[in-house]
Each structure stands twice: as C-alpha cells, then as structure tokens.
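2 protein chains.
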Amino acid sequence: MSANNAFYAQSGGVTAVINASACGVIETARQHPDRIGKVYAGRHGIIGALTEDLIDTSAESDEAIAALRYTPSGAFGSCRYKLKSLEANRREYERLIEVFRAHDIGYFFYNGGGDSADTCYKVSQLSASLGYPVQAIHIPKTVDNDLPITDNCPGFGSVAKYIATSTLEASFDVRSMAKTSTKVFVLEVMGRHAGWIAAAGALAEDHGIPVLVLFPEVEFDQARFLAAVQEKVERHGFCTVVVSEGAHYPDGRFLAEQGTRDAFGHAQLGGAAPVVANMVKEAFGYKFHWAVADYLQRAARHLASKTDVEQAYAMGRAGVEFALAGHNAVMPTVRRLSNDPYAWEVGEAPLAEVANVEKFMPKEFISADGYGITQACKDYLIPLIQGEDYPPFERGLPKYVTLQNRAVERRLGLFEVE
Amino acid sequence: MSANNAFYAQSGGVTAVINASACGVIETARQHPDRIGKVYAGRHGIIGALTEDLIDTSAESDEAIAALRYTPSGAFGSCRYKLKSLEANRREYERLIEVFRAHDIGYFFYNGGGDSADTCYKVSQLSASLGYPVQAIHIPKTVDNDLPITDNCPGFGSVAKYIATSTLEASFDVRSMAKTSTKVFVLEVMGRHAGWIAAAGALAEDHGIPVLVLFPEVEFDQARFLAAVQEKVERHGFCTVVVSEGAHYPDGRFLAEQGTRDAFGHAQLGGAAPVVANMVKEAFGYKFHWAVADYLQRAARHLASKTDVEQAYAMGRAGVEFALAGHNAVMPTVRRLSNDPYAWEVGEAPLAEVANVEKFMPKEFISADGYGITQACKDYLIPLIQGEDYPPFERGLPKYVTLQNRAVERRLGLFEVE
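Top to bottom, those sequences are chains A and B.
Each residue of the first sequence is one higher than the one before, counting from 1 in my numbering.
Each residue of the second sequence is one higher than the one before, counting from 1 in my numbering.
Do not take every clue at face value.
Pairs involving identical chains hold if they fit within one copy or between any two copies, as the list cannot separate such chains.
Here are the simulated lysine-lysine pairs, BS3-like style, with alpha carbons at most 27 Å apart [claimed, not checked]:
| no. | residue 1 | residue 2 |
| --- | --- | --- |
| 1 | K399 | K306 |
| 2 | K82 | K281 |
| 3 | K378 | K287 |
| 4 | K363 | K281 |
| 5 | K359 | K378 |
| 6 | K399 | K378 |
Hints in this document: simulated from the structure, not taken from any laboratory.
Because the structure is a prediction, the values reported are computed rather than measured.
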C-alpha cells in the first residue's frame, strides 16, 4: 500500500483566515477517503513534524472542522522556524522523511508565506534526494501580501478591510472632536517591508477623510511630512496619519527607533505612532491621539473580508486537488480576471518560481507626493476587502472553535530541534 | 406662540452609538410636529449654541437621519467645554437664553457624560433665574460607564464588546505563536478612573484565555504582577494582559508616565502597554506584542452591541417623550430588570442627583487577586455586549452617513467663546 496520509502545517505569523485554508484542506481530503487516509497536523507547525508531535485531525467532528472557517489564528499552532538547506542541515530533512515514513505520509501541505514556500520547495525535492515519495504543496498565506505570481495572499484582504474600516471609524471620531480637542490621529499598522496594509488606510479618503500614509517604500522626510499635516489640518480641521511599522528615515533607521530611554537609562521600545504623534505636537501644538493595531488587525476575524475567506478556503481545497492530480512543488494562486465586477479563478504556480521571491508594491500604486494611493491601487484593493463573513456569536462574543488536538501515537525516538 | 423648537447637542468624547441617540431624538421629534417645530443641533456641541452656530436638522432626509443609527462619532461635532457656574460666568447663560429666544427654542437636549449632566442641570434652572422657559433633558452617553442611577451608559456596551472580542481574537493569535515567538500580549484600553472597559477584556477568560487585568482601582505592584504573568505563562504557555490607561503605582504615577526621554532628552509620551510589555521582557525575556486600541475602541460601530444601540436610541426617544410630558431637569436611564434572560426598561432620574456624581466599579466586581473579574461582574457585563447590529457595507467599507449640516441663519451678533 502506498503512503496515503497527509501532513498539514501552519507557518509564521497567523491570520484571520489561515484556519479557513486548513478547513479547505481537511474538508476536501475527507471527500476522498479512497485516496487520502488521515490528515495529520503539525503541532506548532513544522516543529511538530520534526519532533513527531502530530495531531490527528480525524478525531475532530465535521462541525469542528467547519468552524475553522470562521476561527482566526492557527488552530494547530504555528511557529517561526526556517529549515536550512539540505547541505547545511541534512539531519532535519532525514528526520522529516523518517516521520513521514513512520506515519505513511505522502502529501505535505504547508500553509505559510515566503519562507515556508522555500521550505516547501525543499521538501518537494526530497523524493529525488532521499528516495521517499512525497508531494509537497504550498498553501499561500500572509498578511504582508508579498508572495509572487498570485494576485494577492489570503490573510491580506481581511487585514486591509480591518485597517480601512478602523481608519474610517477613528477618523469620523477625530472629525467630531477636532474643534476643541484632537486634531491629528495616528494609526500604526503592520508591514515592515511593504506598505500594502498601510495603503488600505487610504481607502478612507473616498469617504471624505484627509489621510496621510507613511509607507516603508518612501523615505521619511520630517519637514515635508509636517508641512503636509499642517496643510490637511488647516484645510479640513483634522487629519489622520496611517504609519507603517516599517516607515524609516533615509539612513534606514525606523521611525520607531528613536533611541528613547526610560528614567533609568534603559533603552525603551516604542512604536512609530507615538513618535509621529509627538513630532506633530511639537511642531504645531495640535492635540493628538494614537493607536497601534498590532495583533488586533491580523486576528480580527469578526471583520474578515468575504472575498478573503473564500480565497483562503479555495487555496486549501485547490492544494488537495493538485495533490490528487499528482502535482508536486506547486502553489495554488489567485488569478484576477476583472476588477469590476470582480472575478477570479484558481491558478497554479511552480514553487521554484515562488521561493525566495518577494513582491513589492508597484511604484504606480503610490501617489506622486508619496503620502497616498492611486486609483490603480484602489482598483486593486477594493475587491479584496469586499463582502462580510461574520462568525456566529454567542453571549456577545464570537463563537470560535478550539480543537481537541489529540496527539498521534509516537513511533520514533525523540528529536531535538535546534 | 410658545417656543417650540428643540436644541440638541453632543458633548465630550464621542462613541459608536451617540448618533443613535441623536437619531432617537430627531425621529421622535419628527413624530410630533404639532408640539416640536425644528430640531436644531449645536455645531461642535454647546459651542454651537453659544456662537449661534446652529444646524438645521430639518434639512436632512428621513433616510439620512435613520442612517445616524448606524454611524459612529458625533454627526454634528462635539466639544470639550464645560460651562462655569451661573455666578462665575453669567454672560454665557444669558447668551444661551438669547440664542434660545431668537430661535424659539423651548427644549434643550444635551447628550453627554457627567460634566454635561451638570451643564444640563444648570440650564434646566434658567427658567427660574433668567425668566425664559426651557425644559432641559440630559441624554446619557459615555464609554466610561460612570453616570449614577442608570444601570449602564450608552456607548459603554459597544466598547466592551469590541475590547472583549479583540482580546479574545488577539489571544488566539498569541496562543498560536507562543511556542517559538510571542508569549505575552498587552492590550491598552481606555478608562482613566474606572476599570469598566478593562474588565470587559476579562470576558475572554471563559473562552480559555489566561487574562490579567490591570485596573485603575488596584494599585500596581510590579513584583506581584510579574509573578502572576510568570505563573500564567508557565501554566498556559502564554498570557494576555489588558491594561487600563489609568493603571498606576501606589504614589499615583500612571504606568504610562515612565519619564522616558528621546535621544535629545525630550520627554516622550508613551502608552502603558509598551511599559508593561518591556517590564515583562526584562524580567523573563518573553517575546511580546502590544497594542493600543485608543479611538478604535470607541469608534468601532462595525462591532457595536445591539443592546447598546437599542438603549442609545431609546434614551434619545425617551428624552423627547419626557419633554413632551412636561418634565424638566431629568435624564432617562436604563433600569435592569433581570440578567438572564436580560430585560430592561426606561427609567427616569432627576438631574440634581446625577450631576457631579461619579459611579465607580463595585469592589465585588474585581476578583480577590485584583487581576480579574468576578461572576457578578460577568453577569453584569454579558447582557450589555449582547447582539450584533452591523451597519450596511458598500464596496467593502461601512456606509456611514455624513450629514449636510446646513447652518441656520444667524439672528444675533457674534459671541466669543473663552
């Protein structure tokens, strides 16, 4: 009998919809009991595979698996752990094969961003180098939206919807207060290298909100920025600034790194938002408020984009279908067919072309002054945040599922992860 | 003809549902054209009354007024401006009466918290002292939930729902990441004097989340707090801290005031969240993330509590009904009849008993260790966050209304606000 169980793992920072991809993988696998036995999940991602800490998803009811579709975060645990090259750490790859062999695993589904696409690609090559047949499929996921080939990455649309909505709502608040109180509101968002998430904040502009975006792609120029703030406040009475955590000075220093020290002289970690807010206050005396969305933005399943949820699920399902069709070393992608009405289909990318390639925001998506987005960018973003997909609520709170995560019996000795 | 127009103004920090109260006032007034002529709104709150900057709400369509029910913030503008006593600034009260007289205003609806209840009470006494008949009704509103007599304050339930949901969602995220990355997540919430909002974060506990709350009511003890964090992390693998902006040391210093200085020695304003997060990091080396919700929490109409929206609307409607019944110097209240099933009715409180009285969290709502909430507190909170009341969405974003806010023609000379 050929190996017919599947392994699924979540990798890197989790999102509001990564579990929707898990749901797509598991539900689709369950529809093919003749071809796929059990789906084992790695507890804490790939670490679970290395340490033979496998979760038996077949112990979960259909209802529990269905609930993954509307449950944020990584239901099986994720990790930040990148496998080195086969040459640098052959031992880890050999261990992976041992675990796969011991548990009859023939399919490897890896749900993550750029780094995990690379790992997945390495695993896809193991059949040849280590003589054990395994099909490796990468399921795209990242709020950073930086995977190549695919039009967008599941996880991003929901963060974008959350940031656009929050920017709009908080800006309405500031507009109400500006006469005697807050005139400038600063919202810090994720995105160390790319301004995709920050760009979503600028969507509030079409709702009458004066927004300035500080992108990681545009070197920060304090004098020019302050002049822009002043112009907005004088014209509109208030202004909202959306600052990416990756916004930085020409010398590469992040805005967040201001060399601040506490009373005892210890270096103090702060955010970019308070730095920007204090800068504005010092220049003009404007009252300000600031917020740092942090995990709230990527966990906000209550405000997920319906488009994003559907695509996340579809990527999981397509991954299994590709595997059943005999494909290896590929990643399902979103292919955009049209903006308005929005239409898309599932595509397929060879992992060799995905691994270690980062997609940046196109220059033509950032407005000429560097503080906003162009119509092309809006046309790209709006379909991705469209539709609502509310989770069920119970007693006032979302009814998210926590799985049993029952362990598969170990068959091998211990293995230490470095 | 007796004065028959009404004046409505929004005061202090706005909320996700203060416009629902405005909607209740205006829709109810429109149902009584024989008794109430036009509803004029103060542009930027009471400042609009003093400067005769009135908005003619009769210029708005029924649809636009209905949309106020699901639009956060203050549609007419709010302000932070407290009238002094009649003795200290008689000029302002005389001006109010001049404006009321010039525009035939016989009803004064003031939508705010403790300070505005006091102002409203003063205005209610003007008939006697300045000889102009005006009925003054206070419509309760405050995310701080600190008005007396009423069971709760419109605005609070929605913030509580947002904070409880966000704490739950972000904690699921941390739980996923804790193995190799973030172990402690710190969320800073509003509440300088009372821990009502922070308390809502502890509702995530019933969903398996280890939560520690830092209340303004409990003096901060660093050693004891760090021991509690360590215990949670060792037992659960992770921990979430919800810190109130008002959390402080025994000497009264806020956690946020750490005397931090930037590279140039300038005092730096930060939040309590990064201070707490860095403290944990220094003690145990745990990786952390922190968020500051700030305006996001009180503007989050997309996640409003249905109970809260209904009560906000009902308070506006009841205010008009009280006025039509000839009442003066009163505030509609929420009277809780039972917790489960939740039942409430509209009550009525004399403003003399509301003005300048602050309601604190009962001691029996905070758990013995000072870091959590009791069952009594949960029983109180859960009904207030119950039900969802989503706004309509268009192209991915909530479709909030911006009114025309057409000015009423001035009839008086200018007046300078101090």
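Comparing the hints with the structure gives:
no., hint, verdict
1, K399 to K306, "both (18 Å within a copy, 17 Å between copies)"
2, K82 to K281, "between (43 Å within a copy, 24 Å between copies)"
3, K378 to K287, "neither (30 Å within a copy, 36 Å between copies)"
4, K363 to K281, "neither (31 Å within a copy, 38 Å between copies)"
5, K359 to K378, "within (18 Å within a copy, 47 Å between copies)"
6, K399 to K378, "between (33 Å within a copy, 17 Å between copies)"
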